Amino acid sequence: MSQKDRLIIGITGASGVIYGIRFLQMLKATPIETHLILSKAAERTIAYETDFKIRDIKEMADVVHDNSDIGASIASGSFRARGMVIAPCSMKSLAEVANGVADNLIARAADVMLKERRRLVLMARETPLHAGHIRNMALATENGAIIAPPVPAFYARPQSLDEMVTQSCGRILDLFDIDLPETARWGDADAQNHIPVTGKPRKTD
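The sequence shown begins at 1 in the UniProt record's numbering and counts up one residue at a time.
None of these hints come from the bench; they were simulated from the model.
A few of these clues could be false.
[What the hints assert, rightly or not] Computed cross-link-like contacts, BS3-like style, restricted to lysine-lysine with a CA-CA straight-line distance of at most 25 Å:
| no. | residue 1 | residue 2 |
| --- | --- | --- |
| 1 | Lys-115 | Lys-4 |
| 2 | Lys-53 | Lys-28 |
| 3 | Lys-28 | Lys-4 |
| 4 | Lys-58 | Lys-40 |
| 5 | Lys-4 | Lys-53 |
| 6 | Lys-92 | Lys-58 |
| 7 | Lys-40 | Lys-92 |
| 8 | Lys-92 | Lys-115 |
| 9 | Lys-58 | Lys-4 |
| 10 | Lys-28 | Lys-40 |
| 11 | Lys-40 | Lys-53 |
[What the hints assert, rightly or not] Between beta-carbon pairs, the in silico distance windows are:
| no. | residue 1 | residue 2 | range |
| --- | --- | --- | --- |
| 12 | Asp-188 | Asp-66 | 38 to 46 Å |
| 13 | Gly-71 | Asp-188 | 40 to 48 Å |
| 14 | His-130 | Asp-5 | 36 to 44 Å |
| 15 | Leu-161 | Ala-47 | 12 to 20 Å |
| 16 | Asp-103 | Asp-188 | 38 to 46 Å |
Since this is a predicted model, take the numbers as computed values, not measurements.
Glycine included, C-beta positions come from ideal geometry on N, C-alpha and C.
Model the full assembly from the supplied sequences, consistent with the hints where possible.
Shown next, in the form of structure tokens:
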């Protein structure tokens with residue numbers, strides 16, 4: 001019997017909840033089974049930053065888990081998944097992952113990814129950073145996580161915030177070997193026709 005292809009998506013209360021939502025939207029057309037965990041803080045941020053209703057976001061996922069359900073299937077190392085992304089990842093969640101504090105399902109599922117040597121990507125959202133944040137990023141990396149802040153790819157010449165979000169999510173999905181056509185890549189366009197942000201044509205030799 002073939003194994004299901006699954007990806008766990010955790011959405012925490014940091015600014016940038018649209019990233020987690022966009023993952024659900026992008027993966028809807030794929031055979032990958034999405035498992036969603038929303039923190040209570042994420043639900044508040046969704047109300048502040050978007051027009052989405054919580055029920056609509058949950059309907060985008062194949063399976064929804066309560067963040068307080070430490071006994072959920074994804075809390076076990078026997079649960080097979082391609083990996084997990086926390087998008088956005090608050091500094092609180094980063095600290096929990098870095099230090100192995102697993103008192104909620106997002107942190108527990110992330111800890112399982114690390115102990116089982118599976119891919120865990122943290123889209124850390126905070127600026128500026130103090131030394132404690134940076135130390136937690138280093139510690140999480142040493143434990144096996146990938147810190148991937150949502151940095152826009154300006155070479156793709158995004159025409160809207162929506163395109164910037166999609167591009168950032170596409171690059172994260174690359175880390176899970178999920179290749180979607182929405183992801184703009186360097187070299188896809190004719191570099192000779194590229195016009196830098198100064199508005200002046202690039203000089204050629």
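Unmet hints by their number, sorted upward, for this structure
5
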